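Trainee: Here's the letter readout for the chains.
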Amino acid sequence: MAIATQLILNGIIAGAIYALVASGFSLIYSVTKFMHFAHGAVLALGAYLMYSFAVILGLNFWLAILLTLVCSGFAGVVMDQLVYKQLRKRKASGAVLLIASIALMTLITSLILAFWGADVKTVPTVNPVFDFLGARITLTQIIIVVVSVVLLLGLWLLMKKTKLGKAMRAVADNKDVAMTVGINPERIYTYTFIIGSFLAGVAGILIGIEQNLYPQMGLSLVIKGFTGAVIGSLASVPGAVLGSFILGLVENIGIWWLPSGYKDAIAFVLLFIFLLFRPSGLLGVKVREV
Amino acid sequence: MAFINYLIHLAILIGIYSILTVSLNLAVGFTGLLNMGHVGFFGIGAYTSALLSLAGFPIWLSILCGGLLAMISGLLLALPTTRLKGDYLALATLGFTFIMGSVARNWTDVTRGALGIPGIPKIVKGNPEFLVIVLIIAAITYFVFWKISKSRFGKTCEAIRDDELAAKMLGKDTFKHKIAALGISAFFAGIGGALFAHYITFIDPSIFGIGDLILLFSMLIVGGLASVKGSAIGTIILFLLPEPLRFIGFPSSILGPMREIIFALILLLILIYRPKGFFGRVDLA
Amino acid sequence: MISVQKLDKHFGGVYAVHNCTFTVKENTITSIIGPNGAGKTTLFNLICGISKPDGGKIFLRGTEITGLPTHQIARLGISRTFQQAKLFRNMSVKDNLLIAKTASDSEIKEVLKSVHFPLDMNTKASELSYGQMRLVEIARALLKPHKLLMLDEPTAGVNPKVRQELKEILFDLKKKGHTILLIEHDMEFVMSISDDVIVMTQGAVLTRGTPKQVQADKRVLEAYLGK
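Chains as they are written, first to last, in our numbering: chain A, 371 to 660; chain B, 846 to 1130; chain C, 1291 to 1517.
To be clear, the hints were calculated from the coordinates, so they are not data collected in a lab.
None of the values given here were measured: they were computed from a predicted structure.
Glycine included, each C-beta is placed from N, C-alpha and C at the ideal position.
Misleading hints may appear alongside valid ones.
[To be verified] Derived pair list, reagent style DSSO-like, types lysine-lysine, alpha-carbon separation capped at 27 Å:
1) C:K1414 <-> B:K992
2) A:K461 <-> C:K1376
3) B:K930 <-> C:K1376
4) C:K1384 <-> C:K1403
5) C:K1414 <-> A:K459
6) C:K1414 <-> B:K1121
7) B:K995 <-> C:K1384
8) C:K1376 <-> A:K459
9) B:K930 <-> A:K455
10) C:K1384 <-> B:K1000
11) A:K403 <-> C:K1376
12) C:K1376 <-> B:K1021
13) A:K403 <-> A:K530
14) C:K1391 <-> B:K995
[Said to hold, decoys possible] Distance windows between CB atoms, simulated:
15) B:A984 <-> A:L652: 44 to 54 Å
16) A:I643 <-> B:T953: 16 to 26 Å
17) A:I643 <-> C:Q1362: 24 to 34 Å
18) B:L913 <-> A:F647: 24 to 34 Å
19) A:V440 <-> B:L920: 41 to 51 Å
20) C:G1345 <-> A:R648: 23 to 33 Å
21) A:K455 <-> C:S1416: 23 to 33 Å
22) B:L913 <-> C:S1416: 31 to 41 Å
23) A:L452 <-> C:E1512: 54 to 64 Å
Excised from the complex, chain A in its bound form (with noise of 0.2 Å):
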């Protein structure tokens, strides 16, 4: 009972960290309508300057995590004006937005593996034990399920309450009538980055304290993050937010039979499925060919 408890807490907090890279990585889907596949890389970005303010620096705690997620949207910002819009005024296709998103993907690996090292690195931290229900969590653990959650909200309101979010939609939705309608789809392009960059951001810091810090980081949870948000639906946010909890909890209660090397594999069979038999995902949301 322990164990199944245990399983599923672990399912959990996994998920919750994959719903912030995939709610990220289906925003900009859904708005930019290709898949931004070097999120995975500012999320990579936000760890290490994390590691570098808080603990090469020294600086305080709660302004390293402010430096690192002001950078962090910065970074997706640059990406997407010094190459994305570059291709976009080419009018290159979804497909090669993709190679270039990889190969961006690629290069800031690179980047941080020479600037870095490739030793894994650890935030040191005081992270107590508790015990929920007969299974151990972690302080560490339980602000990263609280943190998701309370950001995915906020993010769920930005979506429908503000005028930003309306515009956001709108330009998802169709981004022609949007500009008949005096939304310049430049500018929301720019704060869909901004928002989508913050949330890889605050998952890299995260996953930094909570784990540890490799250079190739950023790839193995991007892949994560966009297997949960093609199963539950690439383009809808809320739908990426559940199938990154599906993932999770799958992932966990998987390597109850498998040998837990696997864990990853799980998520890419799982990618695999879905795109050749429901690339619109559980919630079958499609996205409107450009």
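Position chains B and C relative to chain A; hints supplied.
Mentor: Frame of chain A, contents of chains B and C only:
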């Protein structure tokens, strides 16, 4: 003396990678299938040939089996994925590469997992002799794909890339063509992988990595989509470009990532400023 | 030549084509007209196997082709052009035509001449003007062995000179024994070249007859104006 060896080593790698790039072009440049599973085929060829030859099979048979198993995976992968839209196809095939990596890491009974497979037998003792073999196979590959590009099959693949519906309306079985293109392309990737394994004599799951994928796409796009000549030239250029770094005296821990940075940057710059590369015949829009 | 019986196609609860039935005789030029949304292009797509019907049957010279894959239907003898000319952009005009059929240079030159295509056959498709693309698409459809030629709005967006040339081309084809089915909005064009006019509205056949008969039918005007 050491410099000659270095040049031979470089030439061998260029030869092997040119086989990969030229074959990738059939799927991507000619048929319009954004196949990110090519690295998966490469790895399958490498592992298959390595394992078979270590189990006692004659080397050339092992290499052939590497190619065949890669081809079969290509055909199987193509079956469900070719009906997907461009970026979804890319993602699904990328997923395939990751799955293969995961299998290599976890099926430890066969692949020895992260430990990799050392001691893979060489085909010939000396590198100069091996270079000759690689160049012959590379030349054969080039010839095969050049012939395909001029053939009816090749032209039909290009038509499918440009407008699949119009091709169907002209009586072409586009599904069969796409499957065949992926299968042929995968076969050669497998051969390339096998040659690689028998040269480096050690392979591990990192062969299924994303870095090599970016390298391949850089070479492909710099050389130019739908140009066999372009793929060969793109391979040469991109391999030679980062080499001067070696002589500037960077520590080797930086060299690896620097190469990847260069490849990624080149790919990005080419995509933005000169998407046709040198000899490309396809508009990327 | 082609017989369509009780064809049905709906998209999410709305009928695009409903209980559509008609026959097209060999060696005629038949035009399908009707207001936007009448289901004309959907009908074409159903005949060509691009869309699968929810009900009904389609016969080509007696052979049932309902639900067959597009490339098979093409091979059974249907050539078709699209509302937006679908050329192979990265290939030359000559290569575009060679996909339709393996042909000698002179055969290609001949078919291009028959559609009054003015440029060299090695011109890249992406460099053509819109009207020239249409001509090449028609030439390609002609080169491909076929029994029935289906043209979807061949005069859309072309200049008056090309439109006149298209009239001559179609008359010529009919003289040579071809059967042509076309969708058109240009009434003058339709009425001057058609043997038969089918009027579609809301997914079904409203009426059919000679151009004169259709022009005199009040219901046709009402269908366009929307009662």
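Trainee: Which earlier hints can't be squared with this structure?
Mentor: none
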